[in-house]
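Here's the letter readout for the chains.
Number of protein chains: 2
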Amino acid sequence: MAGTEQTTRERILAHGLDLLSEVGLSGVTLGVLAENVGMSKSGLFAHFRSKDAVQIALLQQMARTANAVVVAPAMQRPPGLARLTTLVEGWLGWTTRAGLRGGCPVAAALFELDDVDGEVRDEVVAMEARWRGLLSQLTREAMDEGALRPDLDIEQFVWEFCGLYLSHHASHRFLRDPQAEARALRAFAALVDRSRPNSSSKETHS
Amino acid sequence: MAGTEQTTRERILAHGLDLLSEVGLSGVTLGVLAENVGMSKSGLFAHFRSKDAVQIALLQQMARTANAVVVAPAMQRPPGLARLTTLVEGWLGWTTRAGLRGGCPVAAALFELDDVDGEVRDEVVAMEARWRGLLSQLTREAMDEGALRPDLDIEQFVWEFCGLYLSHHASHRFLRDPQAEARALRAFAALVDRSRPNSSSKETHS
Chain A
1 MAGTEQTTRE RILAHGLDLL SEVGLSGVTL GVLAENVGMS KSGLFAHFRS
51 KDAVQIALLQ QMARTANAVV VAPAMQRPPG LARLTTLVEG WLGWTTRAGL
101 RGGCPVAAAL FELDDVDGEV RDEVVAMEAR WRGLLSQLTR EAMDEGALRP
151 DLDIEQFVWE FCGLYLSHHA SHRFLRDPQA EARALRAFAA LVDRSRPNSS
201 SKETHS
Chain B
1 MAGTEQTTRE RILAHGLDLL SEVGLSGVTL GVLAENVGMS KSGLFAHFRS
51 KDAVQIALLQ QMARTANAVV VAPAMQRPPG LARLTTLVEG WLGWTTRAGL
101 RGGCPVAAAL FELDDVDGEV RDEVVAMEAR WRGLLSQLTR EAMDEGALRP
151 DLDIEQFVWE FCGLYLSHHA SHRFLRDPQA EARALRAFAA LVDRSRPNSS
201 SKETHS
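In order, the protein sequence lines correspond to chains A and B.
Note that my numbering has the first sequence beginning at 1, numbered continuously upward.
Note that my numbering has the second sequence beginning at 1, numbered continuously upward.
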């Protein structure tokens, strides 16, 4: 029985994450999700007691998926700029490589939940903090390696890095610009270039 | 009668834009908007025949508001880097200065409607194209003035510029980081710096 229970839950999470990537958090109601999974709303209710509970479970499912698709390949590289670069390349457009129909649920949530308080927002805040923490750690490793300057403002670097991801998401998924990835990689190369020890630029200093 | 008619429509648009900035397009249904304005759903229906029609009218209202709050002050500056900088400073966090409760409806729509086709998406695509056209024009003026290098890749510059806006929106409105504006202005200064005629950086070349 426990096995069947888990399989149904997994099926709900897989369908739900696909739906979430396409329609955003506000579109994932218990009714719509039940229809997508092909089960009754009361059947779904046995697994998740509220819309918030299902949204939080889907965000956690997304984190596990992104970890496998984006983070794990980067962690196989040696620490330093190589690892950071592999992470960037894996992060851009990762949902397509994860087999999802839509875009990044967290990127969408940053704009959907900016003015909407609650436990779903709190979950996204915590996820975003962990993610920026990982980016900071990989940036620090590239500094320790000597590829980035020792006095780099890590927070500023990560901040610009995140802007590059959001701009890629908007141009790739919304504007459907075929140049999106090339532009993102060029912006990343420029950010790294001015953060190198021998760069003449002073702007990323803290 | 025509005067009263217009006043009611204006009242709907003012309340609706405030609501839109807070809850996003999916939250602005005819029912919710009618309740916000304090009129019946059938009364609202006399002004707007569908959810799509009201959303498009609200996006156009937003464009008029942003034009007054962000674009007009920039256009009073002489063409060149001064005008471009004034535009950036006015663009960051413009909705608060426009008296709106929430964030930028177009920034949110770039993520909300990326996978949802229809006439509302088409309207946002057209608005975003006009906006990026204006950013390109002001960048061109700064090149003509000699403040930016003559072989600058304008599209890349504007692309990074838009990423900076999105990162500011996420860090200011979602993460509620008090450093958001300072980080955005530092990123803009760095982008301008490496786009100057005497910059040693090559990354923004086409």
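Rather than coming from a laboratory, the hints here were simulated on the basis of the structure.
Just so you know, even glycine gets a beta-carbon here, dropped at the ideal spot from N, CA and C.
There's no promise every hint is true.
Here are a few chain A residues that sit away from chain B, every Cβ distance over 10 Å (derived from the structure) [said to hold, decoys possible]:
1. S26
2. G27
3. M39
4. N67
5. V69
6. G90
7. A107
8. A108
9. V124
10. T139
11. D144
12. E160
13. L175
14. Q179
15. R186
16. A190
Taking lysine-lysine pairs in the DSBU-like style, the calculated list, with each CA pair at most 30 Å apart, reads [to be verified]:
17. K51(A) <-> K51(B)
18. K41(B) <-> K51(A)
19. K51(B) <-> K41(A)
20. K41(B) <-> K51(B)
Just some of the chain B residues that point at chain A, by a computed CB distance under 10 Å [stated by the list, open to error]:
21. R11
22. G24
23. G27
24. F45
25. L113
26. E145
27. D151
28. P178
Results for each hint:
Not every CB of chain B is more than 10 Å from the CB of S26(A) (nearest about 5 Å), against its label as outside the interface. With a least beta-carbon separation of about 7 Å from chain B, G27(A) fails to lie farther than 10 Å from that chain, contradicting its non-interface assignment. The claim that M39(A) is not at the interface with chain B holds, since no C-beta of that chain comes within 10 Å of its own (minimum 24 Å). No beta-carbon of chain B comes within 10 Å of the beta-carbon of N67(A); the shortest separation is about 21 Å.
Chain B leaves V69(A) outside its interface by the beta-carbon criterion, the shortest separation being 18 Å against a cut-off of 10 Å. No beta-carbon of chain B is positioned within 10 Å of the beta-carbon of G90(A); the least distance is around 18 Å. Residue-level check failed: A107(A) sits 6 Å from the nearest beta carbon of chain B, not beyond 10 Å. Residue-level check failed: A108(A) sits 4 Å from the nearest beta carbon of chain B, not beyond 10 Å.
Distance to chain B contradicts V124(A) as a non-interface residue, since its nearest Cβ pair spans about 8 Å, not more than 10 Å. With a cut of 10 Å on Cβ distances, T139(A) stays outside the contact zone with chain B, its closest approach being about 15 Å. The claim that D144(A) lies off the interface holds: its Cβ sits roughly 23 Å from the closest Cβ of chain B, which is beyond the 10 Å cut-off. At roughly 5 Å, the least C-beta separation between E160(A) and chain B is not larger than 10 Å, which violates its mark as non-interface.
With a minimum CB-CB distance of about 7 Å to chain B, L175(A) fails to clear the 10 Å threshold, and the non-interface call is violated. At roughly 8 Å, the least C-beta separation between Q179(A) and chain B is not larger than 10 Å, which violates its mark as non-interface. Distance to chain B contradicts R186(A) as a non-interface residue, since its nearest Cβ pair spans about 6 Å, not more than 10 Å. Distance check on A190(A): its Cβ comes as close as 3 Å (rounded) to a Cβ of chain B, failing to clear the 10 Å threshold; non-interface status is violated.
Taking the CA atoms of K51(A) and K51(B), the gap is near 24 Å; set against the 30 Å cutoff, the hint holds. Proximity of K41(B) to K51(A) is assessed by CA-CA distance (about 27 Å); at most 30 Å being required, the pair is judged to hold. With a C-alpha separation of about 27 Å, the suggested pair K51(B) and K41(A) falls inside the 30 Å cut-off, and the hint holds. A C-alpha spacing of about 11 Å is found between K41(B) and K51(B), which places the hinted pair at or below 30 Å, so the restraint holds.
Because the closest C-beta pair between R11(B) and chain A is about 22 Å apart, greater than 10 Å, the hint is violated. With a least beta-carbon distance of about 6 Å to chain A, the hint placing G24(B) at the interface is held under the 10 Å criterion. For G27(B), the interface hint holds, the least distance from its beta-carbon to any beta-carbon of chain A being 7 Å, beneath 10 Å. The criterion of a C-beta within 10 Å of any C-beta in chain A is not met by F45(B), whose closest approach is roughly 23 Å, and the hint is violated.
For L113(B), the interface hint holds, since its Cβ comes within 10 Å of a Cβ in chain A; the closest pair sits about 7 Å apart. The interface hint given for E145(B) is broken, as the beta carbon of that residue sits about 21 Å from the closest beta carbon of chain A, more than 10 Å. The interface hint given for D151(B) is broken, as the beta carbon of that residue sits about 15 Å from the closest beta carbon of chain A, more than 10 Å. Taken as an interface hint, P178(B) does not check out: its beta carbon lies about 12 Å from the nearest beta carbon of chain A, beyond 10 Å.
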